[in-house]
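Protein chains in written order, with this note's numbering: chain A, 4 to 314; chain B, -11 to 243.
Be aware that one or more of the hints could be misleading.
[Claimed, not checked] Derived DEER-like restraints, expressed as beta-carbon distance ranges:
#	chain 1	residue 1	chain 2	residue 2	range
1	A	T300	B	G142	50 to 60 Å
2	A	S124	B	K230	47 to 57 Å
3	B	G32	A	K128	27 to 37 Å
4	B	D47	A	K191	19 to 29 Å
5	B	N132	A	S124	33 to 43 Å
Note that these hints are calculated values from the structure, not bench results.
Every residue, glycine too, gets a C-beta built ideally from N, C-alpha and C.
Each chain, letter by letter, is given below.
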Amino acid sequence: MMSQPPLSPSVNQDVATPRKLFLQGHPGLNGRRKAKNNIYHGVLLAGTLFAVVMLGLLLFQVIRSSIGWLDWQFLTSLPSRFPKKAGILSAMAGSLWTIGLTALIALPIGIATALYLEEYSDARKWFNRIIQLNISNLAGVPSIVYGMLGLAVFVRLAGFGRSILSGALTLALLILPVIIVTAQEALKSVPLSLKEASYALGVSKWQTITGVVLPYSMPGILTGAILAISRAMGEAAPLIIVGAAGYIAFLPTSPLDAFTVLPIQIFNWTSRPQEEFQHVASAGIIVLIALLLTTNTIAILLRNKYQNRMD
Amino acid sequence: MAEKAGMKMRAEQVNFWYGEHQALKNITLDIPENKITALIGPSGCGKTTFLKILNRMNDYVDGARAEGIIHYQGMNLIGDSLDVAALRMQIGMVFQKPNPFPKSIYENVIYGPKRHGIRKKSQLDQLVEQSLKQAAIWDEVKDNLHKSALALSGGQQQRLCIARCLAMQPDLILMDEPTAALDPISTQSIEDLLLTLKEKYTIIIVTHNMQQAARVSDQTAFFLLGEIIEVGETKEMFLNAKHETTERYISGRFG
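Looking at chain B on its own, in the form it has when it is part of the complex (with noise of 0.2 Å):
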């Protein structure tokens, strides 16, 4: 085991380039099983690419190239020989913009366990139930699973995204700024939500919103120019960061 006691996953020297553009330099990272981990930082930092590494989404970007360790399960998440989509499974991912597919919201829900040999008509509902429940959206869906997942809110929209990766029973959940295109109160329940589902799941989140690091994570990591400036605690870090640019990033008075 290369990751270390508590910890979920540990990535080491991890490089990585858009064809001649070095986005991320020697990042390394424990993962804390059951935590919430925060990434933050000024645009362009690189917290989204390395989020999209752990699930190789970045795979479909040309010229995208990955160097390092990113220990997970016995695996190394870096490399051809990987099976992305067995990967998929168990990690999971919310967008930054909500994307359900223009299905049912039964449809949507399904849409991956079906398709992962699951066909029996009992355990499906059975599965919606309690994907919607643990997403905390089945009270105001229940009566409509059949109406079009586009008739929803935005904030309804994000957490039917959220049933739909629940629905896979995964390990470890990526979120990239799964409340930046939500209103305060939309993005308040999904908090709540994240606080919750901590209890069964990893969760790493990006995320532009100083407060909602603040408020939801244990651990932040803090990305400048594609390094990690600091890790830590959350609290600790919100409290007293070691470094300055940690401290001017976090009170606001830069990025």
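Here chain A stands alone, though its shape is the one from the complex (with noise of 0.2 Å):
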């Protein structure tokens, strides 16, 4: 018979332990590291209130310089040299166009980017590895020099001129890297099982790709889209190389049509000498983040659609 071991092993007495210390009550566990804690926590907890307060000091600015001014009468005027009638219709009208068609441009080229750069080409050759870098590249050059771009190959080379073609033509390039890397990273969770599945049951490369592939990265995909198109509804700097105007008397009727922006507008009327423009052009920055979250609204409500019908 073998000796049964004792329940506890025995312990070297002259070894410490962070077990012995904890019991022995040592202060470098219990006092100084508590203390230790503390403070980390009290630092991270100050840069989350840091950004927070001043965005509600930046709200609170905006709101209180806006009272009075956000009407009916505001949304529904097109813009005017007296700012008690001047109104944000037709920047409205232009951002929602603008957005629309940079929308319809850069989803469907972005996703298509996305699936031949994860599904079809082949990473270790070299020209899909310079492809793939540039567009990470792309993603961080600054937005002015998209619209050089967009001056030079939308408004004079296609000769679209300064319309919202040009414009929303410049910013779904502005905004194609992100979609790309986001919908990249949606289709690479998809898991490798859920693909064999499929192709195990002799369905095409493309079927699975429409039966399994998409459906489940789908609310990934929108969630890089929703943040990409916010990015380019707050745009100014493109727009203004690509020739939008400060001023439009009238609503767009179609994609060649002159145009402004929401916040091209606002610009135009904080660079006014009138002090009433100040508040005219408050009113339009809540114009403008009303239009972003309602846009963010509907996305999130659409990608958890997509979300309930996966599970």
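Fit the two chains together into the complex; they arrive one by one in their own frames, and the hints show the way.
Below, the structure written as structure tokens:
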């Protein structure tokens, strides 16, 4: 018979173990460590609060300034040189036209590119590696550079003029890298076991993409698209270069019309000398934020719908 | 016909490489029709690799290369000229981990047939009922056909995956450790199912469970380091193995 080992292993009295220190109520563990923990907790909380407080201050300032100016008349009027009569209708219509067209152009191209890179291309070939590298780099190019490209290619070379179409094409170029990279991440998250299950049924690659890969990754792709389109909606710089006007006294009726967008309209108002226009600008900012929140909400609802269908 | 009488398939001198590493060496094996063939052997011995050659799932592995001949319905399953999609309509597969699509039970079963051109609702309904009945899961799910397949238990999910495979009305079914992720009761129900399925289908199963091989299979092939050490009737092999290594592996003394 072997002798039973002791229930608790014998402990060498000289060796300090964390458990022994803890049981002895060592100050290094119970005092200093707790203090350190609290300090880091505080630092991180302060960092978070900084952002929240700043946002709160900004919103408060804007809302206070817009009181009495954000009304039905403001939402339904065209711009004017008299602050009391000035409205945001044409900028709102311009923003919706531009963003709608941007999404229509950027989403299909972005998803198609991501599908090619993830599902079809051979990542070991130098050609595909260069494409991948460039897409990541393009995401970091300043938006004004895209504006210059848009001016040269769409406004001048293609002859679209200073139109919604030129603006939307420029914004589409701007957000394509973000859409592609986030869509690629979403496609990478599709489990190999699901693709294998589809292939094992003799289903073709394209049918596997439409049947399994896209439905599974659609919530992730849409999330990336939401972020990208929100960014495009707040952009002013590239559109100024492409030639969006500061004063549009009509509503666009086709993609080839001249246009302005909310950020440019707001920028235009803030640079006027009359004090009243600062209030008009604040009212415009509220409209822009509301529009952003609405698009995000619609997109999130859409995403949840897809997600529910998958669960 | 290169297959012998009563045989569904014949592998002849099959070699397989992953890059520089040779995973299979001179595999020759006959697969009897309407029988269950078990592939056994320690991890990394090449049995799953062999299974995946048969429906070309190794095509997705970088640097994979096969040589030799696998006779099946007048085709050679090794080679570039094969219509892989058509082959997989004939040879179905059930994986180690249940992998139902994140869709409804109904959608899971009709996933394959629908994509191969069966569109009529009545035909699809019939196919769903028939496949789920064959996979012995109909009674459990018939009232919830449009619920998510992910809500099923592991054992039910695996039977659904078998039903999804049966809906293609395959000729031969490959199973890669189909009960490895399941509890004993679910394992039992899948084993019972296998015994009824072999009346209509030819089955090749990879398993790490010796009792399972002994219980369900008719023929067993013992793989070791990429070679077949011994192949024969299961009863014969488990009662008196010809090779000492086989005997030691089966009785659990190594592996």
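Hints that the structure is at odds with (numbers, increasing): Hint 1 contradicted; others consistent.
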